[in-house]
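Peer 1: Chains as they are written, first to last, in the numbering used here: chain A, -6 to 133; chain B, 242 to 322.
Hints were generated in silico from the structure; no laboratory data involved.
One should not assume that every hint holds.
[What the hints assert, rightly or not] Simulated restraints on C-beta separations: (1) B:Asp286 with A:Gly101: 40 to 46 Å; (2) B:Glu307 with A:Ser104: 51 to 57 Å; (3) A:Ser104 with B:Ala263: 31 to 37 Å; (4) A:Arg102 with B:Arg246: 31 to 37 Å; (5) B:Glu296 with A:Ala55: 33 to 39 Å; (6) A:Ala78 with B:Arg313: 37 to 43 Å; (7) B:Gln247 with A:Thr84: 49 to 55 Å; (8) A:Leu1 with B:Asp314: 52 to 58 Å; (9) B:Ile264 with A:Leu37: 19 to 25 Å; (10) B:Glu296 with A:Leu103: 44 to 50 Å.
[Stated by the list, open to error] To give an idea of the chain B side of the interface with chain A (calculated C-beta under 10 Å), a few residues: (11) Gln250; (12) Ala258; (13) His272; (14) Phe273; (15) Arg284; (16) Ala294.
Ideal Cβ placement from N, Cα and C applies to all residues, glycine included.
These are the residues of each chain, in order.
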Amino acid sequence: MEDLIEQLTRGNVTEVKVVLATVVLALAVYQLLLAAVAYGWLRLPFLEAGTASWTHRASGDAIVVLTILVATACLSYYGFEEGGAHAVFGTVLLGVLALKVLVVRVGGRLSRLLPLLGVSVLALFGLTWLTSAGDFLGVG
Amino acid sequence: MRRPRQSLQMLGSLLVALAIAAIAIAVVTAHFGPTSSAKLEAREDIVKERVEAREERAEEREEAREERLESRDGSGGSGPG
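Turn these sequences into a full structure, and let the hints steer you where they fit.
Peer 2: As C-alpha cells, this is what we get:
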C-alpha cells in the first residue's frame, strides 16, 4: 500500500495530502453555507433551499471520498502511533462523519441532530487540518 | 430579484464548489512554490531512507518473533509429559 501511495504521489505524499485536506476543508466551509440556506437560516435571492440541499449532498459525497483517500494515505504511510492530536482528531472526525452519513440515510427523528453533527464535523475538519496541513503550511 | 431556474441553480452551486476546490489547490500549490531538482532528489533520498528503515524494522520484528517461537518451542520440550 505504501508503495502504491508513493507511486501515485510520485514521492510527494505529504504535499498531496496537504492539498487534498485543504480542498476538503474549503468545501466543508461551503457546506456550512449551503446547509444554512437549506435550513432557511440564510436566504439568498438566487438559491432555493431545495437546490442548496441537493448541492450539499453532492458536495458532501465528494468530501467523503476525498476524506477517505486522505485518511488511507495518512494511516498506511505514516501510521497511527506517531499521529498524536492529529490522529485523535482524525479518528473522531471519521466516527462523527460516519454517524452523520448514517443519520442522513436513516432519517426520522434523528435528523434533528444533523445541524449539530454538521457543525461538529466542520470543527473536527478544522482541528484535523490545523494539526497536520496547517502545521505544514505554517498556519496555526 | 427573480430566482434562476432550478437546473441553473444546481449548475451554479456545483460550479462554485469546483471553483472553491480549484482556488484551494492553487493557493496551496503556490505556497509550496517551485521545487528544484536538488530538493526533489533530497526528498527522494529521505523517502528511500524511510522505506529502508521501515523494512529493517519489519525484519527485526520478524527475527525477534522467530526467536521467541524457537525459545518457546525449546522450553516447551523440557516440561513434564
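Peer 1: For each hint, tell me whether it holds in the structure or not.
Peer 2: So, going through the hints one by one against the coordinates:
Between Asp286 of chain B and Gly101 of chain A the beta carbon distance is about 56 Å. The supplied range of 40 to 46 Å is therefore violated. Here the CB-CB span from Glu307 of chain B to Ser104 of chain A is close to 55 Å, well matched to the stated 51 to 57 Å. Distance hint check for Ser104 of chain A and Ala263 of chain B: the Cβ-Cβ separation is about 32 Å, which falls inside the suggested range of 31 to 37 Å. Between Arg102 of chain A and Arg246 of chain B, the C-beta spacing of about 34 Å keeps the proposed range 31 to 37 Å intact.
A C-beta distance of roughly 36 Å is found between Glu296 of chain B and Ala55 of chain A, which places it inside the suggested range of 33 to 39 Å. Judged by the Cβ atoms, the range 37 to 43 Å given for Ala78 of chain A and Arg313 of chain B holds: they are separated by roughly 39 Å. Taking 49 to 55 Å as the suggested C-beta distance range, the pair Gln247 of chain B and Thr84 of chain A does not conform, at roughly 39 Å. Taken as a hint, the range 52 to 58 Å is violated for the pair Leu1 of chain A and Asp314 of chain B, whose Cβ atoms sit roughly 43 Å apart.
A hinted range of 19 to 25 Å for the beta carbons of Ile264 of chain B and Leu37 of chain A is consistent with their spacing of about 20 Å. Taking 44 to 50 Å as the suggested C-beta distance range, the pair Glu296 of chain B and Leu103 of chain A conforms, at roughly 47 Å. For Gln250 of chain B, the shortest C-beta to C-beta distance to chain A is roughly 4 Å, which falls under 10 Å, so the interface hint holds. Annotation: interface hint on Ala258 of chain B holds; nearest CB of chain A at approximately 5 Å, less than 10 Å.
Nearest Cβ of chain A to the Cβ of His272 of chain B: about 6 Å, under the 10 Å cut. The hint holds. Interface hint status for Phe273 of chain B: upheld, as the beta-carbon distance to the closest one in chain A is roughly 6 Å, under 10 Å. A hinted interface residue such as Arg284 of chain B counts as satisfied when its beta carbon comes closer than 10 Å to some beta carbon of chain A; here the least separation is about 6 Å, so the hint holds. With its C-beta approaching chain A no nearer than about 12 Å, Ala294 of chain B sits outside the 10 Å limit, and its interface hint is violated.
Taken one by one, the earlier hints fail for this structure at numbers 1, 7, 8 and 16, listed in ascending order.
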